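Please build the complex by placing chain A on the supplied structure of chain S, with the hints as guidance.
The chain contents come next:
There are 2 protein chains.
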Amino acid sequence: MDKKSVNIGVIGCGTVGLSFIKNLISKKKIIKEKTGIEINILKVFDKVKSKINPFKNLSALSAEEIIKDKNIDIVVELIGGTDFAYEFCMKAIENGKSVVTANKALLSKYGIDLFKKAKEKNVYLGFEASVAGAIPIIKSLKESFVGNKITKILGILNGTTNYILSEMYYKEIDFEKGIEAAKKLGYAEANPSLDIKGYDTAHKILILSYISSGKLFSIDDIYVEGIDRIKIIDVKFASEFGYRIKLLGICKKEKNQIEIRVHPVLLPKTHLLSLVEGVNNAVYVEGDLIGKSLFYGEGAGGNAAGSSVISDVVDISKKIVSKNFVEENFVPDENIFLKPFDEIETKYYFRFTAIDKPGVLAKISKILGDNSISILSVIQKQDNPKKAVPIIMLTHKAKEKNVKKAIKEIDKLDVIKNSTITIRLEEELM
Amino acid sequence: MDKKSVNIGVIGCGTVGLSFIKNLISKKKIIKEKTGIEINILKVFDKVKSKINPFKNLSALSAEEIIKDKNIDIVVELIGGTDFAYEFCMKAIENGKSVVTANKALLSKYGIDLFKKAKEKNVYLGFEASVAGAIPIIKSLKESFVGNKITKILGILNGTTNYILSEMYYKEIDFEKGIEAAKKLGYAEANPSLDIKGYDTAHKILILSYISSGKLFSIDDIYVEGIDRIKIIDVKFASEFGYRIKLLGICKKEKNQIEIRVHPVLLPKTHLLSLVEGVNNAVYVEGDLIGKSLFYGEGAGGNAAGSSVISDVVDISKKIVSKNFVEENFVPDENIFLKPFDEIETKYYFRFTAIDKPGVLAKISKILGDNSISILSVIQKQDNPKKAVPIIMLTHKAKEKNVKKAIKEIDKLDVIKNSTITIRLEEELM
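Going down the list, the protein sequences come from chains S and A.
Take the first sequence: its letters are residues 1 to 430, numbered as in the numbering used here.
Take the second sequence: its letters are residues 1 to 430, numbered as in the numbering used here.
Isolated chain S, as found in the complex (with noise of 0.2 Å):
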């Protein structure tokens, strides 16, 4: 008879390892109703010895016991970070397992790597987990799109910065009080900048854009911005407007090239991620033949994660349980290149400071008029003589070239009293 059974071992017995353990073993019954194969969690490694406790004759005594063990199919790296993430992957891979990861910091910098040796050793590499915790947005471009030239991802990926976004809007408070109701919670860690700063968003919209474009690109060849600079007085004009800020990553293709970005921007308020609250996540992806699509769930958390790896464990067993391997390539459609961000075009919404007197305006049109810049609306919100007033600008499409140039200069008139917030601004998705 056919082997109709999968053996894990799991290394990394955090928050998601521990929901993926309890959940996997509480539905092996259902699951082998479902695709008639069992699947045993064999052994489990953690660092903090009082973790793997509890699960007693399964606990191994390294990760390296894991990695070696000829009796098991598929390792479950759940520990994140990139060096030992890296090295157990790695070493788990060439011993011919398939390997599970929902850790975005490590593909973002070594997918490459790692989906080649796969390929070499016939394995297979499920990170369904890495992007948007339960939304199935990977299995989705890999393979629900397979069919689809995909042009455009826009993702609300970070749970901790959309909850403080949230929190800032509803409650009408400054980026700092927000990041303090987030420790509270639990939503930011003590050193939460590797969220506020946008690098986790710009580890997960890297691996999005390889899967729809087969091309990995560095963080560091991309443009990553965080919310970090953006005051409620910018949300409150934004909701004036009718706008929402969110952070977003964004991935753009057109023809051979590419643009990847991360940065806040104003999303008209009827636009679904708009609505997309807390720490929830949302994705939008458009192909060529999908056209417009969504998706919205829960991005964090160790259920809405684990039930994701789940997901990948029960793919590749199906797999593993079949005799031949079937290759999966990220392949790029054609020889694609990443647009320079300078070169990048988009709307602007720009919150100058700026003495109350005649003739401002003239000065600051007259700059961006001179880059190429074409207003769309301006509103100054007070006027007072005696003092510096906010004057918001809605702007057509332009070059950030431009802009950046446009603002520098703006900056150095001595009628600007502040440095002027710029905000990107995304509309004509839905």
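None of these hints come from the bench; they were simulated from the model.
Take these hints with a grain of salt, some might be off.
Reference excerpt, derived from the structure (chain S facing chain A, CB under 7 Å, subset only) [to be verified]: (1) Gly36; (2) Ser140; (3) Ile290; (4) Ser311; (5) Val360; (6) Ser372.
For each label pair, taking beta carbons as the anchor points, the in silico distance ranges come out as [what the hints assert, rightly or not]: (7) Asp288(S) x Asn95(A): 26 to 36 Å; (8) His396(S) x Lys236(A): 32 to 42 Å; (9) Asp288(S) x Asp221(A): 37 to 47 Å; (10) Ile112(A) x Asp288(S): 35 to 45 Å; (11) Asp221(S) x Glu64(A): 55 to 65 Å; (12) Lys28(S) x Thr270(A): 31 to 41 Å; (13) Asp220(S) x Asp288(A): 37 to 47 Å; (14) Asp288(S) x Lys236(A): 33 to 43 Å.
Predicted, not measured: the structure shown is a model, and the values here were computed from it.
Each residue gets a CB set at the ideal place from its N, CA and C atoms; glycine is no exception.
Using the frame of chain S, we list chain A on its own:
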């Protein structure tokens, strides 16, 4: 060497069929690069000869020719209807071929037979395109959420009715004008009753509930109400109260009781489903691990459905080139029963048409109270002592049978001038 090519026969060259064939051919190369598998269309049949003429040497003389062809691995059935489709699919499976279909009527009626036969013959049945066009809801429920107990599915599953409701809302037109607009754009058929009476949505929610609960119920056993009784006045009142009216397919599971129903629903405007406009579809899913999630996308059109057919064909091709058959069972996680519709509890929107005189509300409230229906809010929209005026009421959760009984009594009151309009209301979803 192992077989790495798979041959397809297509029966039915309508909008979806043509798009599928065209796109599979144009994307054959990239699919081969991604999967290592060459997928060939070997034969194509349509009873309208002019439709297959362009395919020249691919065109078959009959559906039989395709079903019997020893070289064909997968039969793609895109003719619609239930009689011939059933015959073709069943015969294809009996002949050891996998089948891909977009036919929701077929599956909701004969799904059990077809899946049983497919398992017996070690072949696969793909049906992603049968529900919600390009949205990968079937695969997500089957594979991505394999570890979940699915507790709720609410879907906007019919583009025609959603288009009509969007038109009514934005253009403030009545239902008949909405249908006309849909017909003009080809969004509604000459006889659109399958859509507007809710049967199409019913087929789809039955399929989704089958996958998620493991049991396929009959359309005859569930409550199905369309949008043909929705008046523009109710769309407007709902809007005033902060709600949109949408036609939903609903499946809720609690312990071993499942409720499946199709009817118009008042949804808060802030709910993501409320923002699904025009012919788009969306499916909201809750599960024990994933929490709350939503899928949005194009529900109809050749390319959208064609994309899902391609996805099924590629998936099944991967399985075909693998040697071992992997089971795919829809398993009830307990012995579930369909909850009688009378026992279902929902909130309600009522529109009474009553004579404007003192004591009317007392009479209505008395009957509601006697039937354990508790009022949340009530507004009389005009005052005009000479004429009947609308009284709008929102209720707390009440049992269907109590509502039916109460409304029957109320409509007998001499102060009530027209049959009372009742629309169910869903909240607390996100």
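Next item on the list: Could you work out which earlier hints the structure fails to respect and list their numbers in ascending sequence?
Entry: 5 and 6
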